[in-house]
Structures are given as structure tokens and as C-alpha cells.
Amino acid sequence: MTQPAATETEPLTIRRLSLADLPQVMVIERRAFTAPWSLAMFGLELSKPSGICLAALRGRRLVGYLVCSRYDTVWHVMNIAVEPERRRSGIATALMAALFARADRPGQRYTLEVRPSNLAAVSMYERLGFRPAGRRPGYYHDNREDALIMWRTAGE
630 MTQPAATETE PLTIRRLSLA DLPQVMVIER RAFTAPWSLA MFGLELSKPS
680 GICLAALRGR RLVGYLVCSR YDTVWHVMNI AVEPERRRSG IATALMAALF
730 ARADRPGQRY TLEVRPSNLA AVSMYERLGF RPAGRRPGYY HDNREDALIM
780 WRTAGE
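In terms of the numbering used here, the sequence shown opens at residue 630 and continues consecutively.
These are computed hints drawn from the structure, not numbers from a lab.
Keep in mind that the hints are not guaranteed to be accurate.
[To be verified] Restraint-style ranges between C-beta atoms, simulated for each label pair: (1) 716 x 678: 28 to 34 angstroms; (2) 767 x 644: 32 to 38 angstroms; (3) 714 x 763: 29 to 35 angstroms; (4) 740 x 670: 15 to 21 angstroms; (5) 663 x 766: 28 to 34 angstroms; (6) 773 x 718: 17 to 23 angstroms; (7) 745 x 667: 23 to 29 angstroms; (8) 639 x 736: 35 to 41 angstroms; (9) 735 x 656: 37 to 43 angstroms; (10) 639 x 700: 23 to 29 angstroms.
Using N, Cα and C, we set each Cβ at its ideal position, and we do this for glycine too.
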């Protein structure tokens with residue numbers, strides 16, 4: 630699917646991710662990850678009423694997304710991606726800020742897994758208050774890289 634062109638001068642808007650966005654999401658997903666999610670995985674997460682799924686747009690072009698599921702009292706950031714050519718421009722940080730604006734309350738906890746080799750992502754998560762808490766050995770199927778488990782508690 631061809632997306633409309635976007636320029637960096639267009640304001641970034643964050644809104645709820647919808648099923649209609651999935652063709653654009655899949656293009657970004659396949660470019661962003663060596664082991665991308667399937668369309669069915671995104672559909673499943675979008676069907677969960679307790680989840681928060683967000684789209685970042687410049688103009689009408691989807692440039693990033695975030696998928697977060699709630700498990701009991703903990704939010705789990707399941708997937709976040711930005712078009713590769715737009716990385717390091719604040720889009721992922723804006724998506725995370727939008728998540729916190731919707732879900733934060735005192736003591737609210739968040740978790741995620743990230744590749745330790747993804748230094749830019751680890752650094753961003755640390756700036757957002759996430760702290761390393763352990764590893765999941767061999768978590769990533771494509772190269773058996775461990776996952777770094779990170780946690781954030783709102784207000785800390």
C-alpha cells in the first residue's frame with residue numbers, strides 16, 4: 630500500500646490505531662524488524678478492549694505505532710516501531726508519552742522487552758524512566774539474542 634508523502638514540517642499527531650491502519654503498519658513492521666509480527670498478531674492486540682494501540686501520523690502518513698496490553702495492574706509495551714528513515718526524531722518518545730498520558734496514575738507499572746543490542750531504544754527507555762530488571766535468554770527467534778527486561782513505575 631502506498632502512503633501519502635509526509636514532510637517533517639507537518640505536525641505529529643497521535644491517535645488510536647485502527648484495523649484500517651494495518652496495511653501501513655505491516656509495511657513499517659517488515660522494514661523495522663528482522664522477526665516481524667504477523668497481521669494476525671496485530672489484529673489480536675487491537676481486539677483486546679483493555680489495550681492501548683496508538684498511531685503516529687505526519688499529515689495523513691502513518692510513521693509509527695505502539696501496541697500495549699494490560700495484564701492485571703501492569704501495562705506491557707508489546708511493540709513500538711517508527712519508519713526507519715524517521716527514527717531518532719522523537720516519534721517513539723511521543724508515542725510513549727501518549728501512552729503515559731492515557732494510562733499513568735501514581736504507582737502505575739510498565740514493562741517491556743528490548744534487544745540489548747538496540748542501544749538507541751535502551752537509551753530512550755532509560756530516559757523515560759525504565760530500568761533494567763533482568764534478561765530472557767534466547768528470547769528473539771531470529772538470532773536467539775536475549776531480551777533485556779525493563780520496568781517503569783509512574784512517579785518514580
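A range of 29 to 35 angstroms was offered for this pair. Does it hold for the Cβ distance of residue 714 and residue 763?
holds (33 angstroms)
Could you see if the CB distance from residue 639 to residue 736 stays within 35 to 41 angstroms?
Once the Cβ atoms are compared, 37 angstroms apart, the range 35 to 41 angstroms for residue 736 and residue 639 holds.
Should the hint that residue 716 and residue 678 are 28 to 34 angstroms apart at their CB atoms be regarded as holding?
holds (31 angstroms)
State, for the Cβ atoms of residue 745 and residue 667, whether the hinted interval 23 to 29 angstroms holds or is violated.
holds (25 angstroms)
For residue 740 and residue 670, compare the CB-CB distance with the range 15 to 21 angstroms and indicate the outcome.
Roughly 18 angstroms apart at Cβ, these two residues keep to the hinted range, so it holds.
For the range 37 to 43 angstroms, tell me whether the beta carbons of residue 735 and residue 656 fit it or not.
holds (39 angstroms)
Okay, residue 639 versus residue 700 on CB: inside 23 to 29 angstroms?
Because 35 angstroms falls outside the window, the suggested range is violated.
Taking the CB of residue 773 and the CB of residue 718, does the distance hold inside 17 to 23 angstroms?
Roughly 31 angstroms apart at Cβ, these two residues miss the hinted range, so it is violated.
C-beta pair residue 767, residue 644: status relative to the range 32 to 38 angstroms that was hinted:
holds (36 angstroms)
Pairwise beta carbon distance, residue 663 to residue 766, judged against the given window 28 to 34 angstroms:
violated (18 angstroms)
Checked against the numbered hints above, the structure breaks hints 5, 6, 10 and satisfies the rest.
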